[in-house]
Structure formats: C-alpha cells, structure tokens
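There are 2 protein chains.
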Amino acid sequence: MKLTVVGLGPGAGLDLTGHARQALEDCDMIVGYTAYIDLIRGEFSHKELGSTPMRREVDRCRWAVEETLKGKSVAVVCSGDSGVYGMAALVYEVAQEYDPIEIEVVAGITAACGGAAVLGAPLTHDFAVISLSDLLTPWELIVRRLDCAAKGDFSIALYNPSSKSRGDYLQKACDVLLQTKSGDTVCGIVRNIGREGENGIVTTLSALRDTQVDMFTTVFIGNRSTVNLGGKMVTPRGYMQRGT
Amino acid sequence: MKLTVVGLGPGAGLDLTGHARQALEDCDMIVGYTAYIDLIRGEFSHKELGSTPMRREVDRCRWAVEETLKGKSVAVVCSGDSGVYGMAALVYEVAQEYDPIEIEVVAGITAACGGAAVLGAPLTHDFAVISLSDLLTPWELIVRRLDCAAKGDFSIALYNPSSKSRGDYLQKACDVLLQTKSGDTVCGIVRNIGREGENGIVTTLSALRDTQVDMFTTVFIGNRSTVNLGGKMVTPRGYMQRGT
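Note that the protein sequences, when read in sequence, are chains C and B. If you read the first sequence in this note's numbering, its first letter stands for residue 67, the second for the next number, and so on. If you read the second sequence in this note's numbering, its first letter stands for residue 67, the second for the next number, and so on.
These aren't lab readings, by the way, just hints derived from the structure by calculation. In this text, all values refer to a predicted model and were calculated from it rather than measured experimentally. Everything hinted at is true.
The list makes no distinction among identical chains, and a pair is therefore deemed to hold if it is satisfied within one copy or across any two copies.
In silico lysine to any residue, SDA-like type, Cα no more than 20 Å apart, as pairs:
1. Lys217 x Ser197
2. Lys113 x Glu132
3. Lys68 x Gly296
4. Lys217 x Trp205
5. Lys68 x Gly297
6. Lys217 x Gln245
7. Lys217 x Thr246
8. Lys217 x Glu206
9. Lys68 x Leu295
10. Lys217 x Leu207
11. Lys68 x Gln88
12. Lys217 x Leu244
13. Lys217 x Val242
Turn these sequences into a full structure, and let the hints steer you where they fit.
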C-alpha cells in the first residue's frame, strides 16, 4: 500500500512521463479533481476512479490517505506537476494526522515548461513562477513578489492570471511590473497547453496589460534580453555573445 | 525535415514524456552533449547519434540546423527541460542565420520539479529558479537575483550550485540569502536526480552554507512557511489553514 502523487503534465496522454504512466498502471485507485480525472478516464477506465470538486482539496487528500490505510495503492493526480501549485504538499500535511504511510511524488510537466515550449524558449535564463490567485495568498504578498521579480529582471510565468471574480488581476499585475519593466518587454500568452485549441501569442507588456485572458491561460513576461524572433518568444542565455 | 529540441528529464528512460519518446523515435539523427547522448544510447542506438563536448553549444546547434537543411529530421536533446538553461533558445537564435526550417520544442521535467519530488514538495507556492554559474552571467546579476528572490520570500531552486572552479559559490549565495532569510529556513539538497545514487537531504540555510556540493546537485531554499515534515521538505499552499 502506497500513496503516489502524480503530475499528469498539461494535457495527460503523451504529456505523461514513463514514471507517471507506470504509477497509474500500478495503482488500485486514482483520486483527483473532476476535470483531471476526465483527462485520463479514457486510458484508465479499468481503475477505480474517485473525483471531488474544486475547493475540496483537503477532503480529497484525506480520502486518498484513508483509502491507502485500508490497504489500497492510491494515486492522487494533478494537472501539470504534482508539486507546483499541486497536491503533493497537502498530501504530506494531511498524512501527518494518520498512521504512517509510504508517499511517493512523481513529477509532471508544469505549465511554465509546457507553455514555454509552445511560445519558443522564454525561460532559458533565471525565472520566477507566480500565481495571481488570492484565494489562499494575500494580494499584498503577490504584489511584493511581482515587484521583486521585476527588480531582479527575472523572466516570469504567471499562473491563474484570471478568473470570473478576478477579471482585472492581470491588468493590476502588469501595472506593478510596468513600474520597473519597459512596456516593450516581450511577453507571451498561451491557452489550453497540451489540450485541444492550444494557442500561443507573442506580444508586449503594454499590450498584455489591456488583454483579457481566461483561467485556462498561462502568461509569460520576458527579461531585458528576451526577443521576438519571427513570432517566437526567445530569452537568450548568452552563448551567441560568447561565440562558440 | 524538422528540428525538434527535446527535454529528456533528469535521467531520460522513464523520465521521458510520451511526446519526447515519439520525437526521438520519429527523427533520423539525435544531437547532444556527450553525457546526454550517453543517457539515451541504449534505447536509441539504431539512430544516427551526434555528440559534441561541453562549451561547444553554438557549434552543436549549427550542426543540427545544417543537418536539418540537408533534409533530415533532427532532434537536439537536453537534460531536464529543453528550455530551462537548455538549447531551445540557442536553436532559434542560430536558425536565424539560415534558410527557414520548422522548429518544435518538446518540454521535459526540469531539475526544479524532479528534485522537488525527491525532497517532498518544496515548490508548492511561488518560486524562483536561479543558476549560480557565472560562465555566461555576471556574478553581480546573480547576487541581485538572489537578493530579490529572498526579499520576495520566494522558494528558490539553485542550479549549477558548484563546480571545480567555483567551489565557494553556494556559500557566497547563502550569505546573500542570509541577509534576508532566517538561518532556520528549511532547505534541501538533491544529488543525481533520476539517476543512480539519487539522494535527497533536508537541512537548514545555516547548515547549507557550510555544506560542500558538486555539479550534479540541485539546491532548494524554502520560503517562510516551508517545514520539515519527518525528513520531507514541504511548502504549504494554505489549504490546511482554510480547512476544507
């Protein structure tokens, strides 16, 4: 009996690593948010599948721990990576309240890497990953992180840039970044990474500020060196300047 | 004819995604740094394999572009992700000097995600990725980024924390972080991610400062909330505090 936290990558299917596929094949039961269970339902319909709605994350992890303690091998699935804004930390926290179980974490392709591949190569150099969701994080801390990332000239991947109740958060974030970064900074927007309708656009920070995005979008902000090469967002590491 | 930049994940084999495996199976020729070609030689020995030594990155990408223009399908392989400190950006830059070719980027598990899975879940919340290598980046910029990441209370993944000629860089980096972060900050060290001898240790920032690491190591620095849960490095997102 073992609990494995598995990152499915952006779209599951061919985004799964060999390790992730093996973990899903070896387990008795797969537990996850309804939309993520739907991503793998076709391939793993012979498994016991347990889904819970959004905002019931603690209950979901409790359920997985309790089923593991009954003697099952359970996989908790996450979109993208199992760690980055995923369930791995919560599984460890919840498991503290129970008898010890074996926990394994299997990494997946997070949206920063999956989305970067669609846009070109925006994250070749140092970068920061920031979520604009203030459901669990005070907005003041998000603003501070945006400001620090801009002052450090990091490339930035923004997760959860928008939702129904936070329609203007990307605009507010851009305004923070524009205090330090130029309006000409090369930026990218990727929708539906690894899924039907996958689509990337390269733009500028000024234009991004006035762009409406949805919750299926990941946003990329370049550093000072990031360029638009024929429609691709490319952050050089410096090899060309060295010359070999 | 197409040039695909493929991230192998930390250890290739089961770390490959389905997309990465398909790209390697579909190509005529695989080009990469000698040590990365060695990772896949067993499985893809029926392909034309071309390796070049370290510090010949531009030559390697030129070679791949020129072979593509001859009509081959070529895969350039990178350890970890194809973007993060990988070859994807350089391929786009080099390709500008030639007739147009089709370029595709296939993401892989970067050491931040792969190493995090070994340690537990250190990167659940906002994080920064910083390389300590000053081969292509001025040390002053690295220090500024460390300082900004600390001031923003990011969790941090440090790549290239040491090499033969940079034995004290991790110590110097810790000294920058200790100006802002507490010496009790939970940290992690992972060696040989996804390879033989994979090994993770959870420690503190004070202790990390006096630890000698090698070039096969990735280092993780927690944020203010990161805890050591029974030897695992865990950064909560905040679900437990909310309660459901």
